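*Asks:* Here are the chains, one letter per residue:
Protein chains: 2
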Amino acid sequence: MKGAKVRMFESPEVTLNLSIKNCKFKIKRDDLLPDFMGGNKVRKNRFILSSLTSLPDVIITNGGAESNHARVCALMAARLGIKCHLVLHGEKDESDYLHGNKFFIESTNAEINYVNSDEIARTIEAIKRKCELQGLDVFVIPGGGHSLDGARAFIAAVDELEEEPDYIFFPSGTGATHAGLLAGVKKKNWKTQVVGISIARQAERGIPAIDELYAPLCAELNIQHRVEDIIFLEQFTFGGYAKYNAELIEFVRRVTSQTGVPFDPVYSGKALYGVTQLLEKAKIPASSKVLFWHTGGLLNLQSSKAI
Amino acid sequence: MKGAKVRMFESPEVTLNLSIKNCKFKIKRDDLLPDFMGGNKVRKNRFILSSLTSLPDVIITNGGAESNHARVCALMAARLGIKCHLVLHGEKDESDYLHGNKFFIESTNAEINYVNSDEIARTIEAIKRKCELQGLDVFVIPGGGHSLDGARAFIAAVDELEEEPDYIFFPSGTGATHAGLLAGVKKKNWKTQVVGISIARQAERGIPAIDELYAPLCAELNIQHRVEDIIFLEQFTFGGYAKYNAELIEFVRRVTSQTGVPFDPVYSGKALYGVTQLLEKAKIPASSKVLFWHTGGLLNLQSSKAI
Chain Y
79 MKGAKVRMFE SPEVTLNLSI KNCKFKIKRD DLLPDFMGGN KVRKNRFILS
129 SLTSLPDVII TNGGAESNHA RVCALMAARL GIKCHLVLHG EKDESDYLHG
179 NKFFIESTNA EINYVNSDEI ARTIEAIKRK CELQGLDVFV IPGGGHSLDG
229 ARAFIAAVDE LEEEPDYIFF PSGTGATHAG LLAGVKKKNW KTQVVGISIA
279 RQAERGIPAI DELYAPLCAE LNIQHRVEDI IFLEQFTFGG YAKYNAELIE
329 FVRRVTSQTG VPFDPVYSGK ALYGVTQLLE KAKIPASSKV LFWHTGGLLN
379 LQSSKAI
Chain D
79 MKGAKVRMFE SPEVTLNLSI KNCKFKIKRD DLLPDFMGGN KVRKNRFILS
129 SLTSLPDVII TNGGAESNHA RVCALMAARL GIKCHLVLHG EKDESDYLHG
179 NKFFIESTNA EINYVNSDEI ARTIEAIKRK CELQGLDVFV IPGGGHSLDG
229 ARAFIAAVDE LEEEPDYIFF PSGTGATHAG LLAGVKKKNW KTQVVGISIA
279 RQAERGIPAI DELYAPLCAE LNIQHRVEDI IFLEQFTFGG YAKYNAELIE
329 FVRRVTSQTG VPFDPVYSGK ALYGVTQLLE KAKIPASSKV LFWHTGGLLN
379 LQSSKAI
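Residue numbers (this note's numbering), protein chains in the order written: chain Y, 79 to 385; chain D, 79 to 385.
Note that these hints are calculated values from the structure, not bench results.
Keep in mind the model is a prediction, meaning the values are calculated, not measured.
Where hints are given, some of them may not hold.
[Claimed, not checked] Calculated cross-link-like contacts (lysine-lysine; reagent style DSS-like; alpha-carbon spacing at most 25 Å): (1) Lys104(Y) / Lys161(D); (2) Lys161(Y) / Lys208(Y); (3) Lys102(D) / Lys367(D); (4) Lys383(D) / Lys99(D); (5) Lys269(D) / Lys104(D); (6) Lys170(D) / Lys383(Y); (7) Lys170(Y) / Lys383(Y); (8) Lys359(D) / Lys269(D); (9) Lys266(Y) / Lys367(Y); (10) Lys208(Y) / Lys104(Y); (11) Lys170(D) / Lys161(Y); (12) Lys170(Y) / Lys359(D).
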């Protein structure tokens, strides 16, 4: 029996009623992963904790003040009855207003440390040392679940797909989702193009972060490793993480109006914008089987900033 | 084939790790109903629309400015490709801040009319008349899904339960959930006590609203109708809809910390507070099988008001 007793659920795969260039559009709705309020961070963290040989006493992780990853870790630790320390950067919202991830993070007994970005590593180290001196078994989850096990969660996720798509598109952030999907597709010997739409980073920073996980996964799975296989499109970031303009919001509204599926301008709405741009510019053959992976994170809406 | 092509999903039933007086606590997580962002309004509205002999061209409904019901109707109409008019009361948030139900309601092409409470009925009537003059088939969904079909959704929901509980507790609001659960239990000849914890109304107003639906359901199902069977506890409202105090927030945090399940102070957290009070005061026999019905609506957090 592995460490965590967190039930594994699949997410629904449904047809998306979006007609662009006759593509058959399907959507993998990780936003609906049923527990811990959904999203790809649920998939990653339950895999990470389930892969441990025994459950630690304490987990420590980091993220932004409104982090989806932090919310999932805090709720998961609560369920498992273990302690959670969160090292959060960015502004602490001091208002009484109850909202978003903040409310649910603070609803758990996770201990929260707000720090500047340059103090994250040092703070994690200090908490770790202190816990270990108390004889506690500590496990540090990298921010965003950016780890080999986080990526392996998406190798497993590819097995949930009903058929081989021609393209998988998704919001590409810190890299574990991207590395895992790509390795998962290669492992199945599929010809699927795995295309990450960057939601924040430029390729110069984004690709090495993906390859840091993809390269060892290739070695492990006996897959030929080629950095060129990492397709990471940087032209749809709208200036950076959680930034948006009126055109993006207008787009998000249009696709929700057409589909009844909630999209946000931070992750999946931004990435889908990129996908439709590519499709409209005919860079993708008509009648392709397109799968869009909705990675959730809708509770992080309020960190969006107009540009 | 009935009107709506909205897939029916069940919600998970899980054990809640809350130990109070040795009760075996289970929770029915309608917050995780996988589509339209979950909650009991999904269950009601998909039942309401599926019960129509043909899909209307237009639905009209009403609710508060941050209404979960309005969000579900707007997304569902978008999925079905039909027009949705929302008549919303309460303050329109004019900030640029992207959050909660408002963002997702506005993400659809629902037409929104903000009005004062005393103008709701007249506004609905005017929209209806205008649409009908255009030759459109119009269906008005009562606010909150408060209708016989809304209640029937919960008669069907009782069939999803794994076993007969001794008690079903749940947040009781406008009445359809309550009427449906009670009728569902009676239909199965269960001895289950169906106990609604009022999240807003006093019994004087709450019970007649439930009975307005319960009485005709009893006639339809050939169940003996007794108003006394409606158990609606008014002592845990914290002063009214969405109102809370520090003790309630503290409680919500404690249960989330113990269970990893998100609760809010508007609906399920408030109701669960009432349940634990009852259990702690030993008004419920130890070792009872208790089912708590989590009705979702977590995106409405931001209308909460401290008292």
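*Asks:* Quick one, are Lys269(D) and Lys104(D) close enough, alpha carbons at most 25 Å?
*Replies:* At roughly 17 Å apart (the allowed maximum being 25 Å), Lys104(D) and Lys269(D) satisfy the hint.
*Asks:* Hey, Lys266(Y) versus Lys367(Y), does the alpha-carbon distance stay inside 25 Å?
*Replies:* holds (17 Å)
*Asks:* Regarding the pair Lys359(D) and Lys269(D), is the alpha-carbon distance no greater than 25 Å?
*Replies:* The hint holds at about 22 Å.
*Asks:* Taken at face value, is the distance from the CA of Lys383(Y) to the CA of Lys170(D) at most 25 Å?
*Replies:* Given pair Lys170(D), Lys383(Y) holds - Cα atoms ~20 Å apart, limit 25 Å.
*Asks:* Given the hint that Lys170(D) pairs with Lys161(Y), test it: the Cα-Cα distance must not exceed 25 Å.
*Replies:* Cα-Cα ~40 Å, so violated.
*Asks:* Please work out if Lys170(Y) and Lys383(Y) have their alpha carbons no farther apart than 25 Å.
*Replies:* holds (16 Å)
*Asks:* Just to be careful, I want the Cα atoms of Lys102(D) and Lys367(D) compared with a cutoff of 25 Å; is the pair within it?
*Replies:* holds (5 Å)
*Asks:* Would you mind confirming whether the straight-line C-alpha gap from Lys170(Y) to Lys359(D) stays at or under 25 Å?
*Replies:* violated (39 Å)
*Asks:* Please work out if Lys104(Y) and Lys161(D) have their alpha carbons no farther apart than 25 Å.
*Replies:* It holds: about 24 Å lies between the C-alpha atoms, which stays within 25 Å.
*Asks:* Quick one, are Lys383(D) and Lys99(D) close enough, alpha carbons at most 25 Å?
*Replies:* With Cα atoms ~32 Å apart, Lys383(D) and Lys99(D) exceed 25 Å; violated.
*Asks:* Sort out whether Lys104(Y) lies within 25 Å of Lys208(Y), counting only the CA atoms.
*Replies:* violated (48 Å)
*Asks:* With the threshold set at 25 Å, check whether the alpha-carbon distance from Lys161(Y) to Lys208(Y) stays at or below it.
*Replies:* holds (13 Å)
When each numbered hint is compared with the structure, violations occur for hints 4, 10, 11 and 12.
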